[in-house]
Structure formats: C-alpha cells, structure tokens
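Trainee: Sequence:
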Amino acid sequence: MKKQEIVGIFRKRLLESMQTRGLNQSALSRETGVDRSTLSQLLAEENLRMPRADTVASLARSLQVSTDWLLGLSQDSRFGAEILRQSFEVAPHEQSPADDNLKRWYEEAEGLKIRYVPVQLPDVVKTDQVLEYEYGEVAERPVSRAKEQARYHLNFSRGPDNDLEICMPLQNLLGFCRGEGLWRDLGREARAEQIDAMLETLEELYPSVRLYLYDSRSVTRCPTPFSARAGRRFTSGKCISRSPPPSMCASWCGTSTTWCATPRYTRMRPWIS
Numbered sequence: 001m002k003k004q005e006i007v008g009i010f011r012k013r014l015l016e017s018m019q020t021r022g023l024n025q026s027a028l029s030r031e032t033g034v035d036r037s038t039l040s041q042l043l044a045e046e047n048l049r050m051p052r053a054d055t056v057a058s059l060a061r062s063l064q065v066s067t068d069w070l071l072g073l074s075q076d077s078r079f080g081a082e083i084l085r086q087s088f089e090v091a092p093h094e095q096s097p098a099d100d101n102l103k104r105w106y107e108e109a110e111g112l113k114i115r116y117v118p119v120q121l122p123d124v125v126k127t128d129q130v131l132e133y134e135y136g137e138v139a140e141r142p143v144s145r146a147k148e149q150a151r152y153h154l155n156f157s158r159g160p161d162n163d164l165e166i167c168m169p170l171q172n173l174l175g176f177c178r179g180e181g182l183w184r185d186l187g188r189e190a191r192a193e194q195i196d197a198m199l200e201t202l203e204e205l206y207p208s209v210r211l212y213l214y215d216s217r218s219v220t221r222c223p224t225p226f227s228a229r230a231g232r233r234f235t236s237g238k239c240i241s242r243s244p245p246p247s248m249c250a251s252w253c254g255t256s257t258t259w260c261a262t263p264r265y266t267r268m269r270p271w272i273s
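Just so you know, we're using my numbering here: the sequence shown kicks off at 1 and counts up by one.
Incorrect hints may appear among the rest.
As the list claims (entries may be wrong) - Restraint-style ranges between C-beta atoms, simulated for each label pair:
hint : residue 1 : residue 2 : range
1    : E31       : E110      : 48 to 54 Å
2    : A27       : L48       : 43 to 49 Å
3    : G72       : E204      : 55 to 61 Å
4    : G72       : R217      : 55 to 61 Å
Hint data in this document are derived by calculation from the structure and do not stem from the laboratory.
Note that beta-carbon positions come from the ideal geometry of N, C-alpha and C, so glycine has one too.
All chains, full assembly: derive it from the sequences and hints.
Mentor: Set out below in structure tokens:
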C-alpha cells in the first residue's frame, strides 16, 4: 500500500476504535500520554504524516486493538494471544469409544478422506462382546453407550461419499488373534467371532473402507499408502506375493511395505491358536 492509503486507513480505524470505546480526543490523550495536538493532527483529513511507532503502540494498547489492524496490515483487530485463545481448543479425552468429541469430528469430516490409526482394533469392526470386554470396567461411559457409538461409526462408514483408511501394526492384529496382552482373558470363540465380523465388514465396505497393516518392527511411525508397487514382498521372512493382487494395495515407506488388507486375500482366522 502507498503511504497515503496507510494514513487513511489508520485515521479511519482510529476513529472507529475511539467510538467503540466511547473516548474523545481528550480522554484518549489522558490514557495514552499522547498530546492532544498530535491526536488532532493524526485525525485531520489533510494529514499525510505517519505516526511514530511508540504512538501507534500506545494508541493500540489503550484502544485494545492490534497495531497491525490500526495500520491496515490485518483485518482482525484482536491481539494475537486473544485470537489463539479463541481459536485453539483442547478437548477433554475419556477412555471410551463413546466420545462426543470424536462423533463431532466424524460429522465435520463427512464426505472427506479420513485416515484413522486405532490404538487396538478399529471401532468400526468391533463386536458387542469385544466392546463389553474392553470397556466393561471404564467408569466414564456405560458399555451401552460404547456400543451405540461404535454403531454410529459403522453407519458413518457406510455413507456413499465417505472414504476411510485404517492403518495399524500387524502385530496388534496377531496379538488379538493369539489372545496376548489386553486380550489374554478374552475367550477363543469371542476372538474368532470378532475376526469373522471384521472380515465381513471389510468385505462389505471395501473400497470405501480399507485396512492397512504394517510391520511395527521396521516402521517407527504409521506409513501413508500412496501408490501400488509390484515386486517381491516379505513379512517375517515369508514371501506374501510376487506382485500385489488386484484388490490389495502395497505401498512404500522407506524400505517397508504396507498392505491394504481385504478379506479376499488376507485370512486372519487361522492365526487364532
């Protein structure tokens, strides 16, 4: 902007701020310590002189606006800290899939691509028995609410315009199948039922919902699938495929491979001991 434009914007916004605060030139002069004659000159239509930096700072502080806004460098009159305080939100977290914040996030993301990294199993495929086992002792929300929220996520995934990518370590899935860690007290039949339900859900919702499995021993962070690559693929020393099947997407993350698991080519049930 030219100097004349900046001076004009400054004069206009200074008058606007004075009217908002209900201050006249005398009151503003007392608050800021700026001479009344200086204020009169700055507010004069014929004035083309830029104010000094300390004068602008004093005026902005007394009028509770930002210096950038007074000089026409910003369209928001609030201070930076105030903008951050009003725009930044830390949502409280509860150990439950029935999280209202997550539900709100799903609603806002409708029609967009979602990449989801579950802590254990994806909630969109969990059976009622697994939810009861996992959240039965969580005091914040009842299991019935957890089931309700899991059904909501499943129905959301069935939306025609939704695109959900789930990425999780292969070891988490193997640990569930074998009844390790968190799942050591969950019976074999319940785990088998969960795997069957998982396969059916992935088969039903593919390709709108895709599950990517990666080896957490060689990948330190969740890889992002981005392209199909042919070639020989190895997991735990065993060759999976000489080239990816049509509905199985392989992608690179450094030297690692991530597999998009679909029921047609990935059978998890035999892993249950």
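Trainee: Per the hint of 43 to 49 Å, is the separation of the Cβ atoms of A27 and L48 within bounds?
Mentor: Violated: the Cβ-Cβ distance is about 26 Å, outside 43 to 49 Å.
Trainee: How does the Cβ-Cβ distance of G72 and E204 compare with 55 to 61 Å: does it lie in that range?
Mentor: For E204 against G72, whose Cβ atoms are near 57 Å apart, the range 55 to 61 Å holds.
Trainee: Can you tell me whether the CB distance of E31 to E110 sits inside 48 to 54 Å?
Mentor: Given about 50 Å between the Cβ atoms, the range holds.
Trainee: Could one say that the CB atoms of G72 and R217 fall in the range 55 to 61 Å?
Mentor: Given about 57 Å between the Cβ atoms, the range holds.
Hint 2 alone, counting from the list given before, is not met by this structure.
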